[in-house]
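Chemist: Sequence:
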Amino acid sequence: MSADLVVARPEGLYCPPGDFYIDPWRPVDRAVITHGHADHARPGHAHYLAAAEGEGVLRVRLGEITLQTLDWGEVVEHRGVRLSLHPAGHVLGSAQLRLEHAGRVWVASGDYKFAPEDAPDPTCTPFEPLRCDCFITESTFGLPIYRWRPQREVFAEINAWWAANAAADRPSLLLAYSFGKAQRLLAGVDASLGPILVHPAVEALNRVYRAAGIALPTTRLVSEFKDAAATRRALVLAPPAVLGSVWARRFAGGSEAFASGWMLLRGARRRRGLDRGFVLSDHADWPGLLRAIGATGAERVIVTHGDAAVMVRWLQEQGLDAGAFQTEYGDEAAADAPLATDPPAEAVAPVPAAALGPASAQAGGSTGRGSTAGGITGGRVPLRDSST
Numbered sequence: 001m002s003a004d005l006v007v008a009r010p011e012g013l014y015c016p017p018g019d020f021y022i023d024p025w026r027p028v029d030r031a032v033i034t035h036g037h038a039d040h041a042r043p044g045h046a047h048y049l050a051a052a053e054g055e056g057v058l059r060v061r062l063g064e065i066t067l068q069t070l071d072w073g074e075v076v077e078h079r080g081v082r083l084s085l086h087p088a089g090h091v092l093g094s095a096q097l098r099l100e101h102a103g104r105v106w107v108a109s110g111d112y113k114f115a116p117e118d119a120p121d122p123t124c125t126p127f128e129p130l131r132c133d134c135f136i137t138e139s140t141f142g143l144p145i146y147r148w149r150p151q152r153e154v155f156a157e158i159n160a161w162w163a164a165n166a167a168a169d170r171p172s173l174l175l176a177y178s179f180g181k182a183q184r185l186l187a188g189v190d191a192s193l194g195p196i197l198v199h200p201a202v203e204a205l206n207r208v209y210r211a212a213g214i215a216l217p218t219t220r221l222v223s224e225f226k227d228a229a230a231t232r233r234a235l236v237l238a239p240p241a242v243l244g245s246v247w248a249r250r251f252a253g254g255s256e257a258f259a260s261g262w263m264l265l266r267g268a269r270r271r272r273g274l275d276r277g278f279v280l281s282d283h284a285d286w287p288g289l290l291r292a293i294g295a296t297g298a299e300r301v302i303v304t305h306g307d308a309a310v311m312v313r314w315l316q317e318q319g320l321d322a323g324a325f326q327t328e329y330g331d332e333a334a335a336d337a338p339l340a341t342d343p344p345a346e347a348v349a350p351v352p353a354a355a356l357g358p359a360s361a362q363a364g365g366s367t368g369r370g371s372t373a374g375g376i377t378g379g380r381v382p383l384r385d386s387s388t
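Sequential numbering from 1 applies to the sequence shown in the UniProt record's numbering.
No incorrect hints appear here.
Distance windows between CB atoms, simulated:
#: 1; residue 1: Glu64; residue 2: Leu265; range: 37 to 43 Å
#: 2; residue 1: Arg210; residue 2: Ala119; range: 19 to 25 Å
#: 3; residue 1: Arg249; residue 2: Glu11; range: 41 to 47 Å
#: 4; residue 1: Ala215; residue 2: Asp19; range: 36 to 42 Å
#: 5; residue 1: Gly253; residue 2: Leu221; range: 19 to 25 Å
#: 6; residue 1: Asp19; residue 2: Ser245; range: 40 to 46 Å
#: 7; residue 1: Gly244; residue 2: Asp29; range: 40 to 46 Å
#: 8; residue 1: Asp4; residue 2: Arg149; range: 35 to 41 Å
#: 9; residue 1: Trp72; residue 2: Glu117; range: 14 to 20 Å
#: 10; residue 1: Pro43; residue 2: Arg9; range: 16 to 22 Å
#: 11; residue 1: Gly319; residue 2: Val246; range: 52 to 58 Å
No lab work stands behind these hints: they were computed from the structure. All residues carry an ideal CB built from backbone N, CA and C; glycine is no exception.
Using the sequences and the hints, build the whole thing.
Modeler: Right, here's the structure in full:
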């Protein structure tokens with residue numbers, strides 16, 4: 001039997017024939033990054049490879065890094081391994097990694113959301129199913145209880161909550177992870193209901209999304225908004241870490257809510273002392289995970305994080321060769337952990353043009369798209385039909 005294309009090492013998931021890592025949690029020489037959440041994109045690697053769509057996020061969150069990017073479906077061949085990146089539908093720039101070597105095809109999903117066709121997310125490129133021999137999948141919400149309601153229904157509830165609060169002169173503090181979830185919310189709420197104020201950590205990512213061409217409503221930093229009467233009608237978007245902080249106390253008397261897939265769990269809202277909980281996730285639910293796995297046609301599936309044991313057992317019962325990798329990837333809260341380069345609590349400077357790409361215009365730590373010195377080397381070739 002041929003050696004596996006991806007194995008687990010103390011540093012992270014490793015491709016032996018290609019001599020590179022996938023979302024490693026310890027510093028390595030060559031790291032392929034699926035997306036910019038903190039548990040997958042860590043500082044300290046010598047060379048990074050990621051999707052061009054997510055370049056701005058990585059540069060804002062990781063600072064001066066040596067970054068090589070690929071467009072969707074573009075292929076680079078490195079040490080005999082053909083690599084390409086494909087949309088994962090999780091957040092801006094989130095990618096699946098397709099590996100082809102010696103007649104075998106493996107796909108590492110990273111985090112993903114396989115949304116219904118009638119409910120696309122306007123803030124990132126939709127998940128692309130890829131045929132493969134082995135599929136490495138997440139299972140953050142890998143239990144049958146996790147089944148998402150239609151997004152339009154959730155947004156209708158959020159808008160009704162905001163409107164009721166505004167009518168009562170109560171600010172609406174909505175907690176959401178600053179990268180991905182916050183922008184998904186902004187794209188779905190009714191901005192005509194009142195002003196939208198944001199925490200600096202959210203605004204830093206908003207600017208990256210807008211620079212990438214994603215349409216978001218007008219937002220204002222809380223520290224810059226001086227209209228007290230309008231603030232009482234505002235929707236205030238901030239990361240969960242602000243709950244109970246001095247920053248959040250300026251909205252005392254308002255209504256507090258949290259948007260997360262975890263709000264589906266009984267008691268999750270009550271334990272946080274929140275008025276409302278809205279079930280909205282950037283990850284696949286149980287049906288979405290099964291649909292994604294089935295679409296790959298893979299006979300072997302490896303689960304990386306989340307409810308791995310349950311998912312593995314279910315897949316084995318379906319006759320698949322299923323197992324798990326021990327990883328250091330976290331849940332949504334760990335993914336949104338602030339990095340050293342994230343903005344301070346009360347100030348966000350404009351995002352420099354050099355931080356937003358394209359990489360050919362970068363200075364400092366970047367090698368640019370065209371240079372691969374020390375990174376993933378080899379010529380770019382067209383990707384054959386992924387269904388073969």
